[in-house]
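**Student:** Protein sequences, first through last, are from chains C and Y. According to this note's numbering, the first sequence is numbered sequentially starting from 1. According to this note's numbering, the second sequence is numbered sequentially starting from 1.
It should be emphasised that the hints constitute simulated quantities derived from the structure, not laboratory data. Check the hints yourself; a few may be wrong.
Same chains, same label: a pair holds when it works inside one copy or across any pair of copies.
[What the hints assert, rightly or not] List time: in silico DSSO-like cross-link candidates among lysine-lysine, alpha-carbon distance up to 27 Å:
id, residue 1, residue 2
1, Lys310, Lys20
2, Lys229, Lys42
3, Lys13, Lys271
4, Lys42, Lys310
5, Lys42, Lys271
6, Lys305, Lys32
7, Lys42, Lys260
8, Lys189, Lys260
9, Lys227, Lys13
10, Lys237, Lys32
11, Lys229, Lys304
12, Lys189, Lys271
13, Lys13, Lys305
Spelled out, the chains give:
Number of protein chains: 2
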Amino acid sequence: MRDVAIIGVGITKFGELWDKSFRALITEAGTKAILDAGIEGKDIDALFVGSMSPGRFIGQEHIGALVADSSGLHVMNIPTTRVENACASGGLALRQAYISVASGIHDIVVVGGVEKMTDVIGGEATDILAMAADQEWEAFFGVTFPALYAMIARRHMHEYGTTREQLAEVAVKNHDNGLLNPNAHFRRKITVDSVLNATMVADPLTVLDCSPISDGAAALVLAPLDKAKQYTDKIVKISGSGQASDSLALHGREDICTFKATVEAARQAYKQAGVEPKDIDLAEVHDCFTIAEILAIEDLGFVKKGEGGKATEEGRTRIDGDIPINPSGGLKAKGHPVGATGIAQAAEVVLQLRGEAGERQVKDAEIGLTHNIGGSGATCVVHILEVV
Amino acid sequence: MRDVAIIGVGITKFGELWDKSFRALITEAGTKAILDAGIEGKDIDALFVGSMSPGRFIGQEHIGALVADSSGLHVMNIPTTRVENACASGGLALRQAYISVASGIHDIVVVGGVEKMTDVIGGEATDILAMAADQEWEAFFGVTFPALYAMIARRHMHEYGTTREQLAEVAVKNHDNGLLNPNAHFRRKITVDSVLNATMVADPLTVLDCSPISDGAAALVLAPLDKAKQYTDKIVKISGSGQASDSLALHGREDICTFKATVEAARQAYKQAGVEPKDIDLAEVHDCFTIAEILAIEDLGFVKKGEGGKATEEGRTRIDGDIPINPSGGLKAKGHPVGATGIAQAAEVVLQLRGEAGERQVKDAEIGLTHNIGGSGATCVVHILEVV
Numbered sequence: 001m002r003d004v005a006i007i008g009v010g011i012t013k014f015g016e017l018w019d020k021s022f023r024a025l026i027t028e029a030g031t032k033a034i035l036d037a038g039i040e041g042k043d044i045d046a047l048f049v050g051s052m053s054p055g056r057f058i059g060q061e062h063i064g065a066l067v068a069d070s071s072g073l074h075v076m077n078i079p080t081t082r083v084e085n086a087c088a089s090g091g092l093a094l095r096q097a098y099i100s101v102a103s104g105i106h107d108i109v110v111v112g113g114v115e116k117m118t119d120v121i122g123g124e125a126t127d128i129l130a131m132a133a134d135q136e137w138e139a140f141f142g143v144t145f146p147a148l149y150a151m152i153a154r155r156h157m158h159e160y161g162t163t164r165e166q167l168a169e170v171a172v173k174n175h176d177n178g179l180l181n182p183n184a185h186f187r188r189k190i191t192v193d194s195v196l197n198a199t200m201v202a203d204p205l206t207v208l209d210c211s212p213i214s215d216g217a218a219a220l221v222l223a224p225l226d227k228a229k230q231y232t233d234k235i236v237k238i239s240g241s242g243q244a245s246d247s248l249a250l251h252g253r254e255d256i257c258t259f260k261a262t263v264e265a266a267r268q269a270y271k272q273a274g275v276e277p278k279d280i281d282l283a284e285v286h287d288c289f290t291i292a293e294i295l296a297i298e299d300l301g302f303v304k305k306g307e308g309g310k311a312t313e314e315g316r317t318r319i320d321g322d323i324p325i326n327p328s329g330g331l332k333a334k335g336h337p338v339g340a341t342g343i344a345q346a347a348e349v350v351l352q353l354r355g356e357a358g359e360r361q362v363k364d365a366e367i368g369l370t371h372n373i374g375g376s377g378a379t380c381v382v383h384i385l386e387v388v
Numbered sequence: 001m002r003d004v005a006i007i008g009v010g011i012t013k014f015g016e017l018w019d020k021s022f023r024a025l026i027t028e029a030g031t032k033a034i035l036d037a038g039i040e041g042k043d044i045d046a047l048f049v050g051s052m053s054p055g056r057f058i059g060q061e062h063i064g065a066l067v068a069d070s071s072g073l074h075v076m077n078i079p080t081t082r083v084e085n086a087c088a089s090g091g092l093a094l095r096q097a098y099i100s101v102a103s104g105i106h107d108i109v110v111v112g113g114v115e116k117m118t119d120v121i122g123g124e125a126t127d128i129l130a131m132a133a134d135q136e137w138e139a140f141f142g143v144t145f146p147a148l149y150a151m152i153a154r155r156h157m158h159e160y161g162t163t164r165e166q167l168a169e170v171a172v173k174n175h176d177n178g179l180l181n182p183n184a185h186f187r188r189k190i191t192v193d194s195v196l197n198a199t200m201v202a203d204p205l206t207v208l209d210c211s212p213i214s215d216g217a218a219a220l221v222l223a224p225l226d227k228a229k230q231y232t233d234k235i236v237k238i239s240g241s242g243q244a245s246d247s248l249a250l251h252g253r254e255d256i257c258t259f260k261a262t263v264e265a266a267r268q269a270y271k272q273a274g275v276e277p278k279d280i281d282l283a284e285v286h287d288c289f290t291i292a293e294i295l296a297i298e299d300l301g302f303v304k305k306g307e308g309g310k311a312t313e314e315g316r317t318r319i320d321g322d323i324p325i326n327p328s329g330g331l332k333a334k335g336h337p338v339g340a341t342g343i344a345q346a347a348e349v350v351l352q353l354r355g356e357a358g359e360r361q362v363k364d365a366e367i368g369l370t371h372n373i374g375g376s377g378a379t380c381v382v383h384i385l386e387v388v
């Protein structure tokens with residue numbers, strides 16, 4: 001397998017973008033990534049796109065062809081593939097694109113992630129997202145994602161003494177980071193008190209513990225490392241890629257406070273990259289709910305099991321902490337257009353490693369990690385990126 | 001890239017299977033493929049699955065995790081990926097699985113295709129399938145797939161003198177083949193007259209020119225060629241894999257009588273395999289409508305452009321003809337559970353190349369081809385398989 005580099009990134013504003021269509025968003029992100037890489041359409045060998053449920057959100061499947069068409073690349077009959085694994089669709093599209101370049105079957109590949117979620121009303125969006133859970137054994141009985149993560153939070157509090165305030169600190173920190181990100185869905189400061197006193201969604205999670213329903217897209221350009229310098233000097237290498245599964249339903253697991261898919265995907269990625277958790281300078285993790293970020297930093301090995309809440313409270317995960325988590329604002333503040341999330345995470349890490357993250361720049365960042373979850377942890381994709 | 005073999009196949013009955021769920025179907029096909037390959041669960045490195053619109057057909061996304069879970073493989077945290085490109089989802093899942101083995105990232109990979117289409121009523125199934133067309137520029141204005149293919153048929157008749165009877169001959173031949181396939185959705189003989197006099201769907205296509213709404217699943221086991229013999233003696237090599245796109249909407253093309261995505265995908269596959277159309281002993285092509293099979297045999301180079309109707313009428317595409325097409329019965333008679341189709345095509349070719357196709361066996365078959373289309377030709381995936 002060949003080494004693979006990311007040579008271009010593009011991202012749209014995330015938010016309630018009623019004036020932009022699905023195809024407009026993905027085309028905007030892709031065009032930005034292509035311009036950033038300094039390539040032209042004729043250089044592109046293949047497209048991959050991650051999207052969770054365009055069939056329900058916008059009444060369109062066959063997204064691979066749609067993206068080729070909307071970007072004009074169908075004229076060259078470029079192969080295009082959609083990948084779906086719920087909210088891990090973007091991360092998994094990146095992994096498929098990575099494998100296709102590493103294998104030698106393609107050279108220059110564009111991979112995008114996109115979701116247009118605000119064209120349906122809130123209740124329907126919740127129904128659609130519930131399709132990432134086990135429809136027959138969870139969603140059918142009325143369990144929504146906030147409810148599943150609330151159960152995880154309650155158990156984590158019981159097992160490890162994690163406090164309600166520690167959960168809130170995740171949201172406060174990610175909103176502080178989002179203030180520094182021009183593309184973030186939410187750019188306003190919140191406090192622990194405002195999280196605690198916000199509308200209850202599923203006890204103990206209030207609405208400020210939950211990531212929003214967002215529209216948006218992000219894209220990357222991949223190339224074989226040995227050819228990357230032909231196009232640009234801004235090269236980041238994909239040094240590790242891991243993927244794992246777990247039971248679709250939460251009740252199928254021995255322990256709901258550890259996501260085994262995260263542990264296994266991270267093990268693969270660390271091994272391939274030849275690094276350990278302590279070598280990671282920053283990480284973009286899947287904070288769909290505040291408790292999810294606490295699980296993530298534990299399962300990725302940044303802190304000991306059960307100490308995620310404490311580490312957050314102590315400020316260790318802030319941009320100036322010893323393990324900066326979600327400098328972009330994360331899903332919580334940057335927004336969570338589900339299919340775009342995994343690609344947007346990688347886009348943020350690339351910008352950080354290139355020293356182009358502006359006010360939210362993590363100092364001396366050389367190795368970064370992305371962590372993208374599908375459902376309540378049934379899919380996990382982890383990538384490790386390094387400055388070349 | 002390593003050579004890749006198919007070492008196991010499994011297929012369910014296709015039809016209106018109201019007593020079998022989506023997860024039961026894919027698990028049945030996967031289990032059959034695993035048993036056929038002589039492997040065990042612990043040998044499997046990854047799963048891929050093609051499915052077009054489970055989000056609309058059964059209210060479930062996150063299909064990769066669902067399949068791992070329903071097959072019990074989540075216990076080993078096996079990575080699972082869903083691929084979607086409309087009715088080419090199965091063929092494209094096979095291509096991703098192939099690339100993952102060829103790259104060296106995985107050894108033993110199971111790839112399945114599945115769709116459960118009969119849990120919604122007919123009109124809704126048509127709406128769901130229309131999401132493979134351009135929703136904003138075709139489906140929104142009331143154009144359904146039979147209508148799109150009817151326009152292609154009318155134009156083909158105008159350009160090349162293809163007759164209504166020649167279209168019907170495709171259906172008659174495929175029903176004759178389906179009679180010989182125990183898993184086929186339809187196992188009854190039809191005649192040219194019965195096709196011509198059936199209920200009109202979209203002029204000139206009657207209901208007997210159209211493939212049915214079916215439930216079903218199919219699966220394959222892939223392995224590196226040099227390790228395949230460890231597991232089984234029944235080895236077929238994937239010698240070529242091609243994929244291409246075209247405009248999503250039919251109106252975006254210069255010529256609707258040629259699917260450029262087919263021509264380009266076939267060019268790639270022939271080149272990789274080092275063979276020409278005349279070397280192919282049999283093909284499973286995407287006959288979602290009778291006109292589609294005529295386009296396919298022309299675009300794949302089996303006959304000259306415009307002569308597909310004549311070749312069919314002359315019996316050249318029958319099991320005992322010089323280029324047997326769809327010995328399984330094709331989408332028309334075997335059935336068309338859309339996500340399963342591309343995998344089922346490969347399963348049929350493998351059985352033919354192994355000499356295990358029973359009454360429908362093509363004599364001396366050594367090289368076979370599969371041709372899987374998404375939408376009205378916006379995606380095409382072609383594979384060439386050879387006896388080792």
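**Student:** The structure should be examined with respect to each hint, and the outcome stated for every one.
**Tutor:** We went through each hint and held it up to the structure:
| no. | hint | verdict |
| --- | --- | --- |
| 1 | Lys310 to Lys20 | neither (41 Å within a copy, 49 Å between copies) |
| 2 | Lys229 to Lys42 | within (18 Å within a copy, 41 Å between copies) |
| 3 | Lys13 to Lys271 | neither (34 Å within a copy, 43 Å between copies) |
| 4 | Lys42 to Lys310 | neither (51 Å within a copy, 38 Å between copies) |
| 5 | Lys42 to Lys271 | between (36 Å within a copy, 21 Å between copies) |
| 6 | Lys305 to Lys32 | neither (40 Å within a copy, 41 Å between copies) |
| 7 | Lys42 to Lys260 | between (42 Å within a copy, 17 Å between copies) |
| 8 | Lys189 to Lys260 | neither (33 Å within a copy, 53 Å between copies) |
| 9 | Lys227 to Lys13 | neither (31 Å within a copy, 48 Å between copies) |
| 10 | Lys237 to Lys32 | within (20 Å within a copy, 40 Å between copies) |
| 11 | Lys229 to Lys304 | neither (40 Å within a copy, 45 Å between copies) |
| 12 | Lys189 to Lys271 | neither (38 Å within a copy, 58 Å between copies) |
| 13 | Lys13 to Lys305 | neither (35 Å within a copy, 48 Å between copies) |
Hint check: violations occur at hints 1, 3, 4, 6, 8, 9, 11, 12 and 13; the rest are consistent with the structure.
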